[in-house]
Amino acid sequence: MEVVGILTKVVPVDVFHFVELILRRGGGVTCSTYLQKAKPPTSGQGFELGSRMPVYSVYILSKSGGLIYQHDHNIPTVENEKTFSYPLEVKLDVQNRNIVVSYGQRDGIKVGHTLVAVNGIKVTGQQLDDGRDAMEVLADEANYPINLKFARPRLTTNEKIFQASMFYPLYALAVQLSPEQKSSGIEVLEADNFRMNCFQTLQGVKFMVISDTKQSGIDALLHRVYEIYSDYALKNPFYSLEMPIRCELFDEHLKTTLEQAERSGISNV
Amino acid sequence: MGERGSRTPSETGSLSAYVPEIAVGSSMVAAVDIIMTIYNLYLFDRDGQLLHYAEWTRKKESGMTREEEAKLMYGMIFSIKSFVTKVSPVDLREGYLTYSTNKYRLNLYETPSRLKFILNTDVNAQGIKELLHQIYTQVYVEYVVYNPLCHLNKPIESELFAAKLDEVVKQSPAYASRPA
Numbered sequence: 001m002e003v004v005g006i007l008t009k010v011v012p013v014d015v016f017h018f019v020e021l022i023l024r025r026g027g028g029v030t031c032s033t034y035l036q037k038a039k040p041p042t043s044g045q046g047f048e049l050g051s052r053m054p055v056y057s058v059y060i061l062s063k064s065g066g067l068i069y070q071h072d073h074n075i076p077t078v079e080n081e082k083t084f085s086y087p088l089e090v091k092l093d094v095q096n097r098n099i100v101v102s103y104g105q106r107d108g109i110k111v112g113h114t115l116v117a118v119n120g121i122k123v124t125g126q127q128l129d130d131g132r133d134a135m136e137v138l139a140d141e142a143n144y145p146i147n148l149k150f151a152r153p154r155l156t157t158n159e160k161i162f163q164a165s166m167f168y169p170l171y172a173l174a175v176q177l178s179p180e181q182k183s184s185g186i187e188v189l190e191a192d193n194f195r196m197n198c199f200q201t202l203q204g205v206k207f208m209v210i211s212d213t214k215q216s217g218i219d220a221l222l223h224r225v226y227e228i229y230s231d232y233a234l235k236n237p238f239y240s241l242e243m244p245i246r247c248e249l250f251d252e253h254l255k256t257t258l259e260q261a262e263r264s265g266i267s268n269v
Numbered sequence: 001m002g003e004r005g006s007r008t009p010s011e012t013g014s015l016s017a018y019v020p021e022i023a024v025g026s027s028m029v030a031a032v033d034i035i036m037t038i039y040n041l042y043l044f045d046r047d048g049q050l051l052h053y054a055e056w057t058r059k060k061e062s063g064m065t066r067e068e069e070a071k072l073m074y075g076m077i078f079s080i081k082s083f084v085t086k087v088s089p090v091d092l093r094e095g096y097l098t099y100s101t102n103k104y105r106l107n108l109y110e111t112p113s114r115l116k117f118i119l120n121t122d123v124n125a126q127g128i129k130e131l132l133h134q135i136y137t138q139v140y141v142e143y144v145v146y147n148p149l150c151h152l153n154k155p156i157e158s159e160l161f162a163a164k165l166d167e168v169v170k171q172s173p174a175y176a177s178r179p180a
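Residue numbers (our numbering), protein chains in the order written: chain A, 1 to 269; chain B, 1 to 180.
A hint or two may mislead.
Think about it this way: if two alpha-carbon atoms lie no more than 20 Å apart in a straight line, the pair counts; the simulated SDA-like pairs of lysine to any residue are [claimed, not checked]: (1) A/Lys110 - B/Phe83; (2) B/Lys164 - B/Ala174; (3) B/Lys81 - A/Pro169; (4) B/Lys129 - A/Thr213; (5) B/Lys86 - A/Tyr168; (6) B/Lys59 - A/Val175; (7) A/Lys255 - A/His71; (8) B/Lys129 - A/Glu190; (9) A/Lys160 - A/Asp251; (10) B/Lys60 - A/Ala172; (11) B/Lys81 - A/Val188; (12) B/Lys81 - B/Ala70; (13) A/Lys182 - B/Gly63; (14) B/Lys86 - A/Val188; (15) B/Lys81 - A/Thr156.
Just some of the chain A residues that point at chain B, by a computed CB distance under 7 Å [as the list claims (entries may be wrong)]: (16) Ile75; (17) Glu180; (18) Ser184.
Because the hints were derived from the structure by calculation, they are not lab data.
Idealized CB from N, CA, C, for every residue including glycine.
Using the sequences plus the hints, can you model the full thing?
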């Protein structure tokens, strides 16, 4: 392990941000060191700050299936930086005006990740911040060895609306395809590293919370969010039903509740 | 999908049934016993064709023919998978996902060759991931892939496969036959 930087500043954010600061100060990262930020520390390496079991995001769907509120509380950024030599081993494609990895998954860089920076210069869409076209830079052998940073793409607002509306019929299909009588819709959807809880009120409004698999007490959290919704959104005389929720008090209280839930487990009333 | 209009009354209907339904006969069973059941299994190939359907218990028919139901099931699974890929905060690794409603749980196991095993069990079933993996390796691979007479992209006609599948499922701890 070589010395890549000098510790100039101590920032108590969390383990991974701390490590990143040290390495960055060293002025660039040498080949094949990759920074993977913020996977919640589950394997007890180093020190754990409390027990971080994050709640990732909250979605609220109206009775007719449209997204009326969305809040990303704590989405981890999955980023990987690597130095490549000519010719490029990963195959890149242009999709949706972004440069996306389509083949050649390796070292944490997965299919679907987008190109975020070239040699430290940020890439927006297909263009580098200094005006050059990214695909041309990549095709030119003179620029190699080249340092590329890939990240898992974040959902845009439109995509979130789309995905949320997609969930609504899935909920109803679960009822229809049920082998048991009188089944409700999807209440918990679980995959490898996240779990989504859904609570449907009597009116048909759905509250969905995406959290880590190990987080417990999400049912109580969902009921609490429902309470906050009825207190600060429904009772707000300027809020009309089925419309996107734009109430400050609702935002504030929701954020406080989520932070409390993360810090001390779901022990709030 | 005419379900939409009728959805809310059924929700309020089930909500009024806050008294937990006592399954007939379970009060006869000793309090220590946990009744877990496996309802049915669907097996889809990579193009969405239903290769096999097996049923052990089923309380509610979906009101469609088997083919329509299979297509609907495949469509739902496909949409859930794409939803999960987009919405997941970190990349997914294994091909396993599950959803639960208040009455049943659906487990999906997808192999790297995009073969999908869908198993409906009750909500408390444990160890289904291993069971599905076992079904794949010990039943499907052994009796279908290695069988020179079974075509991989056609519905499975092998009786041996059906019998072996039944055996593996009935032997698993998650299966318990409901008292009559």
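Tell me the hint numbers this structure goes against, listed in increasing order.
Those not satisfied: there are none.
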